[in-house]
Amino acid sequence: MVGSALRRGSHAYIYLVSKAGHISRGHQHQAWGSRPAAVERVARRAPGSVVELLGKSYPQDDHSNLTQKVLAKVGRNLHNQQHHPLWLIKERVKDHFYKQYVGRSGTPLFSVHDNLSPVVTTWQNFDSLLIPAEHPSRKKGDNYYLNQTHMLRAHTSAHQWDLLHAGLDAFLVVGDVYRRDQIDAQHYPVFHQLEAVRLFSKHELFAGIEDGESLQLFEQSSRSTHKQETHTMEAMKLVEFDLKQTLTRLMTHLFGDGLEIRWVDCYFPFTHPSFEMEINFHGEWLEVLGCGVMEQQLVNSPLSKYPALINDISFWLPSETYAENDFYDLVRTIGGDLVEKVDLIDKFEHPKTHKTSHCYRITYRHMERTLSQKEVRHIHQAVQEAAVQLLGVEGRF
Numbered sequence: 001m002v003g004s005a006l007r008r009g010s011h012a013y014i015y016l017v018s019k020a021g022h023i024s025r026g027h028q029h030q031a032w033g034s035r036p037a038a039v040e041r042v043a044r045r046a047p048g049s050v051v052e053l054l055g056k057s058y059p060q061d062d063h064s065n066l067t068q069k070v071l072a073k074v075g076r077n078l079h080n081q082q083h084h085p086l087w088l089i090k091e092r093v094k095d096h097f098y099k100q101y102v103g104r105s106g107t108p109l110f111s112v113h114d115n116l117s118p119v120v121t122t123w124q125n126f127d128s129l130l131i132p133a134e135h136p137s138r139k140k141g142d143n144y145y146l147n148q149t150h151m152l153r154a155h156t157s158a159h160q161w162d163l164l165h166a167g168l169d170a171f172l173v174v175g176d177v178y179r180r181d182q183i184d185a186q187h188y189p190v191f192h193q194l195e196a197v198r199l200f201s202k203h204e205l206f207a208g209i210e211d212g213e214s215l216q217l218f219e220q221s222s223r224s225t226h227k228q229e230t231h232t233m234e235a236m237k238l239v240e241f242d243l244k245q246t247l248t249r250l251m252t253h254l255f256g257d258g259l260e261i262r263w264v265d266c267y268f269p270f271t272h273p274s275f276e277m278e279i280n281f282h283g284e285w286l287e288v289l290g291c292g293v294m295e296q297q298l299v300n301s302p303l304s305k306y307p308a309l310i311n312d313i314s315f316w317l318p319s320e321t322y323a324e325n326d327f328y329d330l331v332r333t334i335g336g337d338l339v340e341k342v343d344l345i346d347k348f349e350h351p352k353t354h355k356t357s358h359c360y361r362i363t364y365r366h367m368e369r370t371l372s373q374k375e376v377r378h379i380h381q382a383v384q385e386a387a388v389q390l391l392g393v394e395g396r397f
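Take 1 as the starting number for the sequence shown in my numbering and just add one per residue.
Quick caveat, the hints were computed from the structure, so don't treat them as lab data.
Watch out, some of these pointers could steer you wrong.
Stated by the list, open to error - Derived BS3-like pairs (lysine-lysine); straight-line CA-CA distance at most 27 angstroms: (1) K56 with K69; (2) K347 with K99; (3) K94 with K244; (4) K73 with K56; (5) K139 with K73; (6) K244 with K99; (7) K140 with K73; (8) K237 with K99; (9) K56 with K139.
Construct the entire structure; sequences and hints are all you get.
Next up, the structure:
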């Protein structure tokens, strides 16, 4: 699944989100036989029994419908087995994103999450994506439920809310997903998805656009087939163009030049507008991915309604090698989940000493209450002291 959406960020930033996903329905070498799926033994047990899966116990109820054969597939992680075809595809996608999308510090823009548990809650799989309670995609006939509240993920999008809530700006999610489906040469109850999400600031989206400073991401209007009610047409056209270009370049990287590609309008509950990419293969159009603009409500939902507090920290870098990620880890260790975002906002080299100074802007926010400046000042001072002691920087506090 591929999608994009607009999000109001903390402080002065407004974010636009691009989300992309690529589906790979892999065929296993082990045959499942020719029996209809309905007669396959189900791992359902008597009331009060439990299923042990990945080190956890899940009580069984009338929603439980996992088969023994599907249970045996969980935890194999074929996409993480070196030299497996799925691993090779994953590595090629990672290589493409690492080389094409680099942050200001020269490090890869996208983080990769390929070892998240396939067991998720029904809220993660459906509600967090605005899928209605009566939507047919929730049916037992289409999903593998451990019980009424837990299931095997039907898509990697089940992790999207948590990763956005953690404050990530750009990430790839790769994993095995599970769906009950028809039996034929193109369907299998276990397949793999790769999904990418990126947050754009207003500056990033409109950079290079004539009079871009005057353009806006948001407006209050009416929903149409081309955009959501809260998005400007200028923002939607730019993100749609970027999204399709990004995915076209990815497909070219994977399959080579000369692809015949077309885009088809479609519908997903959690994106609008939505599209599918199809590639002409031996005269037949094959769907390879879905995409769209993430619903604004979905993007806003991970954000706290409580105000953020902003504190800057500046220091001279040590003469030895300095790694920004070490500073980020230090801030996260001390500030925990109160740290929403850390931005490198300024670099300066002294003309005489040639020493380099970095200035970082740290955004603090609590998800359930308003933070006081006194609380944040205590944490911020701890960050300053630790940076000096552990990283060897010279404070400009």
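- [ ] Mind listing which of the numbered hints don't hold for this structure, in increasing order?
- [x] none
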